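Chemist: This is what each chain is made of:
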Amino acid sequence: MGVPLYRDDAIVLRTQKLGEADRIVTLLTRRHGRVRAVAKGVRRTGSKFGARVEPFMHVDLQLHTSAVESGSGLDIVTQAETLAPYGETIAADYGRYTAGTAVLETAERLTAEEREPSLRLFLLTVGALRSLADGEHVPTLALDAFILRALAISGYEPVLDSCARCDQPGAHRAFVVAAGGVVCAEHRPPGAPIVATETLRLMSALMSGDWPSADAAEPKTQREASGVIAAYLQWHLERGLRSLRLVERS
Amino acid sequence: MYEGPVQDLIDELGRLPGVGPKSAQRIAFHLLAADPADVRRLVTALTEVKDKVRFCTICGNVAEEEQCRVCRDPRRDLAVICVVEEPKDVVAIERTREFRGRYHVLGGAISPIEGVGPDDLRIRELMTRLADGTVTELILATDPNLEGEATATYIARLVKEMDLKVTRLASGLPVGGDLEYADEVTLGRAFEGRRAYS
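Just so you know, the sequences run in chain order C and F. Quick note: the first sequence, position 11, residue 11 per our numbering, numbers continuous. Quick note: the second sequence, position 100, residue 1100 per our numbering, numbers continuous.
Calculated from the structure, these hints are not laboratory results. None of the values given here were measured: they were computed from a predicted structure. From the three backbone atoms N, C-alpha and C, an ideal C-beta is built for every residue, glycine too. Treat the hints with care, since some could be wrong.
[As the list claims (entries may be wrong)] Here chain F is said to cover these stretches of chain C; the calculated rule only asks that three of the stretch's residues, wherever they fall, bring their Cβ under 8 angstroms from a Cβ of chain F:
| id | stretch |
| --- | --- |
| 1 | 44-54 |
| 2 | 87-93 |
| 3 | 222-233 |
| 4 | 236-246 |
Whole structure, please, built from the sequences with the hints as guidance.
Modeler: Okay, here's the thing in structure tokens:
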């Protein structure tokens, strides 16, 4: 039987207190998907790696899997090295912090099964946190781009350039979350909201990574896009994101 | 499963933080075997903590009267407020005997992922205390973790326009430790906050 140790790099998604001085950390790893592990003693001020297993941190970890046999299903963090300390710069700006937390919660919720690898979502999350930490874009725009692309990876890419019901191409403006995107006049259910053309253009730009266009969008357009994207995400997650209502929007 | 009252006790104990089913069972059987006078003392302590202890109307710390011991003490410096997350942080700072000002207990830290926002904490009460201009220094002593940092950032931004000295507790190397074992975040902070030998 091999040594029950493995190494992987991960983003820390969430931490919860456990017992006197431990924490349960939820990790999005590069090769093992979402993993929950115990980080022992990290709440003590003298902890060797307490600061490394904080949310937003990109860390290189060594984990021990023996806990699986004991029935708790939790691995144990035995070593941690920092690859990128995104947490420091993100927590120093409240807008970035709230948007970043929503990124982490989205990533956690879109990985329904533990230990199911999702390399694309991992890379997307690292990219979003790097962008937030560097302050490249308005935090809410970075969040919206992350949500749209994470949904696309999960198979829920919204249809923006043709009718989601009949595939008829065109600039339709009625966005129906249940249909999975915009719909033509014929398939528009009564009361379906009409979205501004600029908003749909912004959403396309966020999907394709056309940042010059996205950054130039009017605040009003950004707000409308955020609303549509949030509604679309909540529909697919079935249960709302706690952090989304607390995201600071300028 | 045990007979009614024993199982009820195990279930109730199991709801306490850090107490799993095995520990709950062990504590329950310990209580069952314990001297009745000891158990009665525990019952009295539990009842009294709920009946007598309340939260200080000024700072939010636990108190036996309307105001806590620190807020009632006339020797405390009214010009300095130290902001902490929990009442147990007040005890930790009081043990240092370094601080002579008063406290403000927030009741937690901003944690959007847990659904805790600024409105769920006693931040509005803090702003009311700062409004009359008596306070000249605000010490942000929230935990040195991510949520604590974000909470400190939020409060610092709120009071930015006020004529107030805002400080944050220093982070750095633990006394008695070896430099080589410090993680890079802590060591980085220690460098940032280094002081000149006078």
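Chemist: State for each hint whether it applies.
Modeler: To see whether the hints hold, each was checked on the structure:
no.: 1; hint: 44-54; verdict: holds (count 8)
no.: 2; hint: 87-93; verdict: holds (count 5)
no.: 3; hint: 222-233; verdict: violated (count 0)
no.: 4; hint: 236-246; verdict: holds (count 4)
Checked against the numbered hints listed earlier, the structure breaks hint 3 alone; every other hint is satisfied.
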